[in-house]
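The lines below spell out each chain.
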Amino acid sequence: MTNSIHGIEKSNCIFVIGSNTTANHPLISRRIMRAKEKGARLIVADPRGIQLSRFADVAIRHRLGSDTALLNGMMHIIIENGWQSSAYIRERTEGYEEFAASVKMATPEFTADATGVDVEDLYQMARLYGTSKAASLLYAMGITQHTTGVDNVKSCCNLAMLCGNVGIPGGGVNPLRGQNNVQGACDMGGLPNVFTGYQPVADEKMREKFSKAWNCTLSNIPGQTITDMIPAILDGKLKALYVIGENPKLSDPDWNHLNRALKELKFLVVQDLFLSETAQVADVVFAASSLAEKEGTFTNTERRCMKFEQAVEPLANTLPDWKILSQLSTAMGYPMHYANPSEIFDELAALTPSYGGMSYARLGLDGLQWPCPDAAHPGTVYMHKESFSRGKGKFHAISYQPPAEKPDETYPYFLTTGRMFAHFHTGTMTRTSPHLDIEQRDGYVEINPEDAAALQVKEGDMLTIISRRGELDVPARLTSVVNPGTLFLPIHFGESAANILTSSEAFDPLAKIPEYKVSAVNVYKSKPPPERV
Amino acid sequence: MKKKVKKWLEDGSVDVFLGYKMVHGHPLPHCFTLEDVAEVDELIVSEARYSLEKIATHLTRQDPKIKIGLLARDCNQRAINILSVWHQLDLEKIKTLNVNCCPSNLKAHPDCSYMTVETPGAYKQQVGIDNTIDTETADAFSKEAKTIRWMYEFQKCIKCYGCRNICPVCFCTECSLEHKDLIGPGNLPPQVPIFHLVRAAHMAGRCIDCGLCEDACPMDIPLRLLYRKVNRIVKDVFDYDTGESSEQSPFSLIGDSVKLTLKPM
Amino acid sequence: MKCTFVPSVCSYCGTGCGLLFETIDGRINSTIPMKTHPVSQGKLCIKGWNLHEHINSPMRLKQPMVKTFGRFINASWEEAIQITADRFKEIIVEHGPDSVGVLVSAKMSNEENYLAQKLARAVFGTNNVDHCARL
Numbered sequence: 195m196t197n198s199i200h201g202i203e204k205s206n207c208i209f210v211i212g213s214n215t216t217a218n219h220p221l222i223s224r225r226i227m228r229a230k231e232k233g234a235r236l237i238v239a240d241p242r243g244i245q246l247s248r249f250a251d252v253a254i255r256h257r258l259g260s261d262t263a264l265l266n267g268m269m270h271i272i273i274e275n276g277w278q279s280s281a282y283i284r285e286r287t288e289g290y291e292e293f294a295a296s297v298k299m300a301t302p303e304f305t306a307d308a309t310g311v312d313v314e315d316l317y318q319m320a321r322l323y324g325t326s327k328a329a330s331l332l333y334a335m336g337i338t339q340h341t342t343g344v345d346n347v348k349s350c351c352n353l354a355m356l357c358g359n360v361g362i363p364g365g366g367v368n369p370l371r372g373q374n375n376v377q378g379a380c381d382m383g384g385l386p387n388v389f390t391g392y393q394p395v396a397d398e399k400m401r402e403k404f405s406k407a408w409n410c411t412l413s414n415i416p417g418q419t420i421t422d423m424i425p426a427i428l429d430g431k432l433k434a435l436y437v438i439g440e441n442p443k444l445s446d447p448d449w450n451h452l453n454r455a456l457k458e459l460k461f462l463v464v465q466d467l468f469l470s471e472t473a474q475v476a477d478v479v480f481a482a483s484s485l486a487e488k489e490g491t492f493t494n495t496e497r498r499c500m501k502f503e504q505a506v507e508p509l510a511n512t513l514p515d516w517k518i519l520s521q522l523s524t525a526m527g528y529p530m531h532y533a534n535p536s537e538i539f540d541e542l543a544a545l546t547p548s549y550g551g552m553s554y555a556r557l558g559l560d561g562l563q564w565p566c567p568d569a570a571h572p573g574t575v576y577m578h579k580e581s582f583s584r585g586k587g588k589f590h591a592i593s594y595q596p597p598a599e600k601p602d603e604t605y606p607y608f609l610t611t612g613r614m615f616a617h618f619h620t621g622t623m624t625r626t627s628p629h630l631d632i633e634q635r636d637g638y639v640e641i642n643p644e645d646a647a648a649l650q651v652k653e654g655d656m657l658t659i660i661s662r663r664g665e666l667d668v669p670a671r672l673t674s675v676v677n678p679g680t681l682f683l684p685i686h687f688g689e690s691a692a693n694i695l696t697s698s699e700a701f702d703p704l705a706k707i708p709e710y711k712v713s714a715v716n717v718y719k720s721k722p723p724p725e726r727v
Numbered sequence: 034m035k036k037k038v039k040k041w042l043e044d045g046s047v048d049v050f051l052g053y054k055m056v057h058g059h060p061l062p063h064c065f066t067l068e069d070v071a072e073v074d075e076l077i078v079s080e081a082r083y084s085l086e087k088i089a090t091h092l093t094r095q096d097p098k099i100k101i102g103l104l105a106r107d108c109n110q111r112a113i114n115i116l117s118v119w120h121q122l123d124l125e126k127i128k129t130l131n132v133n134c135c136p137s138n139l140k141a142h143p144d145c146s147y148m149t150v151e152t153p154g155a156y157k158q159q160v161g162i163d164n165t166i167d168t169e170t171a172d173a174f175s176k177e178a179k180t181i182r183w184m185y186e187f188q189k190c191i192k193c194y195g196c197r198n199i200c201p202v203c204f205c206t207e208c209s210l211e212h213k214d215l216i217g218p219g220n221l222p223p224q225v226p227i228f229h230l231v232r233a234a235h236m237a238g239r240c241i242d243c244g245l246c247e248d249a250c251p252m253d254i255p256l257r258l259l260y261r262k263v264n265r266i267v268k269d270v271f272d273y274d275t276g277e278s279s280e281q282s283p284f285s286l287i288g289d290s291v292k293l294t295l296k297p298m
Numbered sequence: 654m655k656c657t658f659v660p661s662v663c664s665y666c667g668t669g670c671g672l673l674f675e676t677i678d679g680r681i682n683s684t685i686p687m688k689t690h691p692v693s694q695g696k697l698c699i700k701g702w703n704l705h706e707h708i709n710s711p712m713r714l715k716q717p718m719v720k721t722f723g724r725f726i727n728a729s730w731e732e733a734i735q736i737t738a739d740r741f742k743e744i745i746v747e748h749g750p751d752s753v754g755v756l757v758s759a760k761m762s763n764e765e766n767y768l769a770q771k772l773a774r775a776v777f778g779t780n781n782v783d784h785c786a787r788l
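Residue numbers (the numbering used here), protein chains in the order written: chain C, 195 to 727; chain R, 34 to 298; chain L, 654 to 788.
Please keep in mind that the hints were generated in silico from the structure rather than gathered at the bench. All residues carry an ideal CB built from backbone N, CA and C; glycine is no exception. Some hints here could point you the wrong way.
[What the hints assert, rightly or not] List time: in silico DSS-like cross-link candidates among lysine-lysine, alpha-carbon distance up to 25 Å: (1) R:40 x L:655; (2) C:652 x R:40; (3) C:431 x L:720; (4) L:742 x C:406; (5) C:706 x C:431.
[To be verified] Pair ranges (Cβ atoms, derived): (6) R:151 x C:314: 54 to 60 Å; (7) C:403 x R:36: 54 to 60 Å; (8) L:723 x R:95: 39 to 45 Å; (9) R:94 x L:726: 36 to 42 Å.
Put together the whole structure using the sequences plus the hints.
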């Protein structure tokens with residue numbers, strides 16, 4: 195997030211796109227509702243009729259995968275009406291002319307055709323966002339999990355810059371991160387091309403710095419992303435995988451493809467709290483201690499690095515991840531002897547400029563928001579105040595690309611995937627919680643009552659869903675939350691794993707993010723199992 | 034105050050004392066013991082309210098013989114009373130150190146001072162229910178307005194169960210809110226208005242108007258007002274003062290026909 | 654009886670709500686929202702309120718395990734770590750450092766993520782480090 199969670203309440207207009215906030219970031223939806231109740235305008239764009247839509251000034255259900263078309267269409271109307279922030283564009287951005295020319299083609303008629311959104315609604319969305327100063331844009335995986343994920347994000351940035359909404363309180367481009375420490379994992383160099391703090395591995399100076407600090411030589415070849423690793427296994431290039439606290443068997447696209455790959459591995463190590471679907475096929479399983487059994491820091495979606503304390507002793511013979519990693523490293527001939535996580539934090543803070551001013555003593559219970567470069571720096575509530583990280587904000591001319599798969603005769607339905615409120619990701623943690631399990635015990639697929647009627651399906655009947663990759667059976671939930679012709683499948687349930695249906699080949703060429711949000715499928719009422727005599 | 038707590042711990046009149054301690058600028062609940070009696074010097078009266086009496090029930094469940102001391106405002110006292118009436122706490126094993134509450138800007142109970150009341154936003158006042166109004170004002174809306182306004186509030190619910198979880202007087206092992214025949218699971222918002230009305234019905238003769246539920250509600254639903262209204266009915270019909278009376282409420286849902294059991298002591 | 658209230662941060666979504674683990678005699682009894690937390694202001698969602706349940710789950714792994722002839726056998730940490738270190742070393746010698754990949758975790762702490770990528774880069778010698786940010 196360029197801005198902060200509490201800052202949402204200061205906004206005059208909130209545009210939520212591709213985020214079912216009340217289900218997936220409930221305490222952020224609180225801020226949205228509070229802003230709304232104070233008088234802010236609310237725009238919700240989501241292919242499903244989500245809870246927030248009920249409270250929106252304009253709520254639209256655009257066609258799956260048509261986000262860039264929608265955003266371009268909004269920007270077209272904003273420019274046509276002169277609602278853009280010309281002084282901001284002049285002083286703080288570049289590339290406007292080329293961008294504006296590209297948006298010219300996105301006429302309301304073209305946009306309505308591509309997105310299925312009414313021209314009048316388009317106009318209202320553009321007017322509300324374009325004419326409210328301090329408008330905040332919030333998005334989540336509904337924007338990013340597409341073959342055009344990067345284009346979608348760039349389009350969000352274009353819109354925010356066009357109206358001068360980046361670098362002001364109550365504004366911003368605010369991706370809502372889905373995992374508690376996904377921000378931290380990125381900040382800490384859990385990416386193939388960068389060290390901590392996004393310092394590139396290909397940069398000679400950075401390599402030198404880390405090489406000196408770690409007393410070793412370092413590779414200058416950027417590594418492979420998770421989406422590249424799986425084919426690399428099948429090509430015989432990747433032989434061993436060390437998976438920590440993840441369950442790719444449910445979270446990675448294309449279950450069949452991944453399963454074949456995991457079998458090809460010479461060696462698979464999984465470190466987890468539970469014997470997850472992935473851990474079951476591992477050669478070695480490391481039993482890790484949970485959050486409450488160790489201390490450390492997490493960095494949330496608003497870049498706030500926060501301390502968590504140890505509440506209880508590690509369960510049975512489990513070890514905290516940092517101890518496992520240190521012991522493995524030592525056994526590999528590179529001794530790591532840290533007395534506690536605080537020592538590790540000091541080491542990483544010294545190597546990471548944006549965390550440079552942080553220490554356990556300073557974090558307290560409120561934490562600090564990066565960038566926090568020195569011990570006197572109070573942390574950064576909202577970013578890009580005076581200038582962007584790269585100097586001037588760059589507009590990108592983006593043209594609309596449809597998703598990789600569209601419904602056709604054989605696969606006439608759209609399938610989209612996501613989370614529901616009571617469960618989390620692959621369900622490893624939530625499905626073992628009694629109170630969450632009660633709330634939603636089994637998987638389900640949302641289907642519009644119209645489609646259900648045509649298929650003669652009642653609530654709870656088993657449906658068979660087929661894609662080009664595979665098929666699965668799952669009970670139907672009849673709801674007009676989804677449009678006719680669209681199905682929604684939550685990702686938490688191993689017995690109806692969404693990635694049996696999704697594709698490993700459709701991903702964003704740059705970000706390598708799979709297109710979980712759009713697949714073409716067919717659906718029919720499952721044949722009842724043969725009766726036993 | 035500190036002297037008294039130390040004395041209680043030292044002379045064995047209590048085994049533990051539940052109060053507050055400042056941690057990095059945050060008042061957090063703290064369980065003071067004889068082993069760390071020096072810590073009592075850090076005892077504070079917190080502006081933030083936690084349900085210490087609910088924690089006392091947790092401790093009692095672990096060890097029914099334990100003697101517990103705790104800081105208590107008027108609302109805590111009422112909760113303790115209810116918990117004792119329903120056999121969740123034994124008053125003989127509870128010692129309270131009464132904390133004076135400043136005058137409140139909320140009406141009716143001038144004792145929940147520290148709940149800062151903010152004026153709800155213009156839009157909420159227009160379409161929803163202002164959290165600061167009293168039951169009479171809420172009653173004055175027309176029937177249609179009442180329905181629309183309350184439905185607006187209920188539709189915001191994100192089903193966190195925070196109102197129940199934080200409630201000092203909610204202790205049933207099985208909760209009607211999770212009974213799938215009453216409320217269908219797995220949907221957001223939960224069935225409007227059934228979810229909130231089921232809970233409201235259970236609050237009749239039970240709610241001690243501490244306001245912790247509203248405090249814990251991510252969506253600022255005026256729960257306190259709702260339960261106050263229910264208790265007003267209990268008072269009018271049965272002349273029962275919830276939290277003050279020394280008997281169980283005449284209006285109890287816990288009967289033979291309902292599959293709800295009290296938690297064993 | 655020992656009862657503590659230990660500040661922590663919710664480990665589900667990226668919001669970062671503040672909470673307290675209520676522990677009684679070394680076991681977490683409940684999760685309580687931290688009233689004064691700057692992000693969550695004393696509120697939690699259904700997942701946050703039940704955070705302790707996955708920690709207390711009887712399904713938790715309790716010791717390291719090594720697969721031998723297709724079945725998991727309980728191992729000591731020394732064994733499990735040594736076997737893993739030896740296998741990684743063999744594979745790196747035979748196929749080069751880039752034949753190994755590490756998936757770090759958006760569930761681990763900053764300190765642990767830092768160590769995991771340090772392990773991959775400084776010890777394994779590869780930049781094949783990624784996590785589920787994309788998923």
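Next on the checklist: Of the numbered hints stated earlier in the document, which are not met by this structure?
Outcome noted: Violated hints: 2 and 6; rest satisfied.
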